[in-house]
Amino acid sequence: MCTPRDTAVFADEAVKLDDVSWFMSPARIVDIAKRTQAPTYTQATVSLARVLRSPPCSPPPNLDDQMATRTLHCAHLLSCDLTVAQNVPVTPSTRVKSAAHVWAFVKDGTRYPAMIKALDGGGGRRMRFISAEEGVEKVFKQLARINMSHPLATHPTLYALR
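Residues 1 to 162 in UniProt numbering are what the sequence shown lists, from first letter to last.
One should not assume that every hint holds.
[As the list claims (entries may be wrong)] Here are the simulated lysine to any residue pairs, SDA-like style, with alpha carbons at most 20 Å apart: (1) Lys-34 to Arg-5; (2) Lys-34 to Thr-91; (3) Lys-34 to Pro-89; (4) Lys-34 to Asp-18; (5) Lys-138 to Pro-113; (6) Lys-107 to Phe-129; (7) Lys-107 to Gln-86; (8) Lys-97 to Met-115; (9) Lys-97 to Lys-34; (10) Lys-107 to Gly-135; (11) Lys-141 to Ala-99; (12) Lys-97 to Phe-129.
Hints in this document: simulated from the structure, not taken from any laboratory.
It should be emphasised that the depicted structure is a prediction, and the values quoted were computed from it without experimental measurement.
Given these sequences and hints, build the entire structure.
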């Protein structure tokens, strides 16, 4: 999905959004994904949970940092499951703990370019594209380091996506 001012790179298809604000509307994103059968990547958010008619997916504020991180990770996985259950096409993804995991994910049917994304990296701040095998190690280490600088991070929570 992109706006009229954007250029879709690496996309087999592009859906032009009327306005950049549509990126912030889970209801519109879910609707577009269902109508076009275009795979989307899910995030654990309260607004997405409401669109999918499920309980909110945010950790309560009284949890310690490590528990909040684990809760957010579980919420992300639940969000993905709920999205699939609602027949919204989902981009193939898996949690990765090393560059070797990324290579295995790509060799297991996903092709380059792929993307590594931090769980808490909304808006593209913590995601990187990889166009070839030789870039995986560097990008993985860079994102793991960036992700560990997050106040709630207790370990890198990274995902490989296609």
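These are the hints, each one checked on the structure:
no.	hint	result
1	Lys-34 to Arg-5	24 Å, violated
2	Lys-34 to Thr-91	13 Å, holds
3	Lys-34 to Pro-89	7 Å, holds
4	Lys-34 to Asp-18	17 Å, holds
5	Lys-138 to Pro-113	15 Å, holds
6	Lys-107 to Phe-129	16 Å, holds
7	Lys-107 to Gln-86	29 Å, violated
8	Lys-97 to Met-115	14 Å, holds
9	Lys-97 to Lys-34	31 Å, violated
10	Lys-107 to Gly-135	15 Å, holds
11	Lys-141 to Ala-99	8 Å, holds
12	Lys-97 to Phe-129	17 Å, holds
When each numbered hint is compared with the structure, violations occur for hints 1, 7, 9.
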